[in-house]
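Residue numbering for the sequence shown is -30 to -1, 1 to 417, as defined by mature numbering (1 follows the signal peptide of the UniProt record, and there is no 0).
To be clear, the hints were calculated from the coordinates, so they are not data collected in a lab.
Hints are supplied without guarantee of correctness; some may be wrong.
As the list claims (entries may be wrong) - SDA-like cross-link-like pairs, simulated, lysine to any residue; straight-line CA separation at most 20 Å:
hint: 1; residue 1: Lys297; residue 2: Val287
hint: 2; residue 1: Lys47; residue 2: Ala80
hint: 3; residue 1: Lys181; residue 2: Gly24
hint: 4; residue 1: Lys22; residue 2: Pro284
hint: 5; residue 1: Lys308; residue 2: Asp242
hint: 6; residue 1: Lys89; residue 2: Phe37
hint: 7; residue 1: Lys89; residue 2: Ala179
Unchecked claim - Quick list of simulated restraints, FRET-style, between CB atoms:
hint: 8; residue 1: Val74; residue 2: Asn149; range: 45 to 53 Å
hint: 9; residue 1: Thr113; residue 2: Lys47; range: 28 to 36 Å
hint: 10; residue 1: Ala175; residue 2: Ala72; range: 35 to 43 Å
hint: 11; residue 1: Ala194; residue 2: Val156; range: 22 to 30 Å
hint: 12; residue 1: Ala80; residue 2: Asp148; range: 20 to 28 Å
hint: 13; residue 1: Ala44; residue 2: Arg193; range: 38 to 46 Å
Backbone N, C-alpha and C define an ideal beta-carbon position, used for all residues, glycine too.
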Amino acid sequence: MIPPPLLQNLALASTLLFALTGHQHHGAWAQNTTKPTPGEREGGGLHSLFVKSGKLFFGTAIDTNNFNDVAYQAIAKNGSEFGLYVPENSQKWGPTEPTEGAFVFAGPDAVDAQARTNKQMFRCHALTWHSQLPQFVTTTAWTRETLTAAIQAHITALVRHYAGACYSWDVVNEALNDNGTFRDSVFFRVLGTDFLPISFAAAAAADPAAKLYYNDFNLETLRAKADGAARVVQLIRAGGARIDGLGFQAHFVVGGTPSQASLTATLGRFVDMGLDVTLSELDVAHNSVPAAAGALQQQARDYVAAVGACLAVPRCVGITVWQFSDKYSWIPGTFPGKGEACLFSANFSRKPAYGAVVDLLRSAAGVAAAVEVGGGGGGGRRNTSASGSGLGKATGTGVVVGAAPAATGDAAATEALKSVGVRVGSWRVGSGLGWLVGVVGGFWLLV
C-alpha cells in the first residue's frame, strides 16, 4: 500500500496538472445531454471514486419531500454516486420538537431508513441553530438555567433516538456573523458563548461514538469569519467539551470560488487544530439563469477546485452536496434569479461539472490503483484502471509529467508540483492529453 501522504501528494499533483493544462481525458465537460444510469460511467460514480481516492464519502442532502420523484430516487439510491445522506430540513429543532417535550421523528427516520436499505452513511443536522426554531424557543422568557435545560433536553432526546445511526452531528450551526462576531441569537443573548460547550457536551453524552461538528458558511472566503470559527473551537474545548470536526458549507458562486490552493490552506488551518474537516453543503450557483455555455465551464472548474482541495487534505474526510439536482436546490427560493448550482440539471442530466469532478476523481483513484499494481525494478505494467494509456520509463526516484502545451508553460507546472512535495524529473510535451508518471521505490503510474 502506498503511504497516505505520498498518495495525497500524487493526487494533488494530478489535480494541479489538470488545472494548469485545462485538458480533459474524456471530453466530459462539454456534455450536458445524457441522463445517468447506475454504474453507467466506467470506474463508478462520485462516491465510489472518492472512496477509491482515500476518502470516506461523497454524499448529498435529501429529504422526504423528494421521495416520490422516481427519477430523483434512482440517482439518490445509487450507492456508487452517493454514500451518505443528510436530512436537508426535517431534523432541525422546529420539525423535530414543535412543542416543548413532544418529538416528531418521522421525517429523519424515513431518511435514515432509506440510507440503511442502500448501505449509505447517515449524517445528522442540526441541533443548535438560530433558524427554523419552534415558537416556544423564540418566545419563552428564558433564564440561564431554563434555556440550558431546554437545550440539553432537546439534544439528549434527538441524539439518543439516532444513537448508533449517525456518523456525525452538526451540533452548532451558523453561530457567527461574517465579521467573526457571534450572531444575535436567543442562545447567545441568554447564555453568551456558554451555549457552545453546553451543546457539544450534551451531544457527546447522548452518543459518545458520533463525530461532533461545528458547521458554517463563508469560512472559506472571509478570514475574519474563519478566525471566529477558530475561537469557537477554542471556546468549546475551554468549556470542557469535545469537538471532532469543522464543516465548511462551501456555498460558492460561479467565478467566485476560492482557488484550490486557498481552500487547501484554509482547510489545513483547522486540521492543524486537530480537527477533521469536510465540505458539508457544497454547491456553486450561477448569478443569472439559464447559464451560458461558458458559465457552465467555469462552474466545472469551480467544482474541481473544491473537490481537489479536499483530495489534497488528508483529514478532509468527505464532501456533501446540498442537493444534487437543480430541481430541488434551495438557491432560487432564497436568492431569486440565481441558481443551477448542482451537479445534475433539473431534468437529471449530468452537467459539465459532474463530468469534470468524475474525471478528477478517476485520476486520483487511478493514482492509488496504479501504484499498487505497478512493477518493480524501474518499470511497470500498464495502468488499465487509470484514464491514460501507454508505458512510462522509470528514471530513478521522482516524477515525470507531461501535458499538451499550455499558456502557463512548463516551469509553472513544475513549480506547482514541487509546491505539494512531488519531486519532478522532467517535463515532456504530449499530443493533446495530459499524463503523470510517478516513480516510488520502483513503482510507476500513468494517469
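Status of the hints after comparison with the structure:
no.	hint	in the structure
1	Lys297 x Val287	27 Å, violated
2	Lys47 x Ala80	13 Å, holds
3	Lys181 x Gly24	19 Å, holds
4	Lys22 x Pro284	14 Å, holds
5	Lys308 x Asp242	36 Å, violated
6	Lys89 x Phe37	17 Å, holds
7	Lys89 x Ala179	19 Å, holds
8	Val74 x Asn149: 45 to 53 Å	36 Å, violated
9	Thr113 x Lys47: 28 to 36 Å	47 Å, violated
10	Ala175 x Ala72: 35 to 43 Å	22 Å, violated
11	Ala194 x Val156: 22 to 30 Å	24 Å, holds
12	Ala80 x Asp148: 20 to 28 Å	35 Å, violated
13	Ala44 x Arg193: 38 to 46 Å	42 Å, holds
Hints 1, 5, 8, 9, 10, 12 from the earlier list are contradicted by this structure; the remaining hints agree with it.
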